[in-house]
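Taking this note's numbering, I'd label the letters of the sequence shown as residues 21 to 212.
Don't take every hint at face value.
[As the list claims (entries may be wrong)] The list that follows gives simulated cross-link-like pairs (lysine-lysine, DSS-like), each with its CA atoms no further than 27 Å apart:
| hint | residue 1 | residue 2 |
| --- | --- | --- |
| 1 | Lys70 | Lys39 |
| 2 | Lys149 | Lys73 |
| 3 | Lys181 | Lys196 |
| 4 | Lys70 | Lys193 |
| 5 | Lys206 | Lys190 |
| 6 | Lys185 | Lys170 |
| 7 | Lys206 | Lys96 |
| 8 | Lys208 | Lys169 |
| 9 | Lys169 | Lys96 |
| 10 | Lys96 | Lys70 |
| 11 | Lys169 | Lys193 |
In short, the hints are calculated from the structure, not lab data.
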Amino acid sequence: MCGRFSLDASIDVLIERYKARSTQDFGGQEEVFPTNSVPIIINNGSNEIKMMKWGFTFEFTKRPIINARAETVDVKPSFRYAFFNRRCIVPVTSFFEWENVDGKKIKRTISIKEEIFSLAGLYNTFEDKNGRVYEAFTIVTTEANESMKKVHHRMPVILTKEMEKYWLDKNFKDIKALKYMMQPYKGKVIIV
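Given only the sequences and the hints, what does the whole structure look like? Please build it.
Structure, rendered in structure tokens:
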């Protein structure tokens with residue numbers, strides 16, 4: 021599960037990193053919580069940065085759905101359409117998990133060697149109680165890799181730079197390749 025993350029980067033840094041266009045304003049956020057709005061990368065012909073709220077909201081849920089399991093994302097009705105048509109990148113500088121140490125929860129900061137890295141996400145359009153339409157995203161999670169298992173049994177899907185363009189391409193629907201991208205991260209994560 022991924023319940024919080026950090027995006028300690030300005031919009032200008034994100035524009036450069038993702039070769040994206042944007043009219044958004046963002047100065048970075050040390051800790052992003054569910055329902056916060058943050059910059060997300062989508063592709064409608066070219067990379068674009070849009071501010072989106074974290075968490076899919078449905079009438080049948082009490083809390084926003086902040087994560088989607090890689091194992092079922094292509095078949096669950098809540099995520100299927102977004103998986104095949106509205107994949108996005110959630111740029112982060114780290115994410116947080118809580119390790120159980122002697123019955124106490126210890127907050128751990130997890131990152132990789134890249135300063136800004138990409139989590140696999142899905143986005144969709146929703147309507148609030150007042151009829152206001154907005155876009156929201158969820159983070160795709162998978163089984164933890166070996167270096168992450170001591171902290172938590174799951175982790176967000178971390179995309180390599182090579183995978184990013186395929187993940188964002190809504191015309192790319194090769195299910196085997198997409199499933200391959202959603203495997204546990206092959207590299208070592210840095211846990212502090």
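Here is what the structure says about each hint:
{"no.": "1", "hint": "Lys70 - Lys39", "verdict": "14 Å, holds"}
{"no.": "2", "hint": "Lys149 - Lys73", "verdict": "15 Å, holds"}
{"no.": "3", "hint": "Lys181 - Lys196", "verdict": "19 Å, holds"}
{"no.": "4", "hint": "Lys70 - Lys193", "verdict": "23 Å, holds"}
{"no.": "5", "hint": "Lys206 - Lys190", "verdict": "24 Å, holds"}
{"no.": "6", "hint": "Lys185 - Lys170", "verdict": "31 Å, violated"}
{"no.": "7", "hint": "Lys206 - Lys96", "verdict": "26 Å, holds"}
{"no.": "8", "hint": "Lys208 - Lys169", "verdict": "11 Å, holds"}
{"no.": "9", "hint": "Lys169 - Lys96", "verdict": "26 Å, holds"}
{"no.": "10", "hint": "Lys96 - Lys70", "verdict": "25 Å, holds"}
{"no.": "11", "hint": "Lys169 - Lys193", "verdict": "30 Å, violated"}
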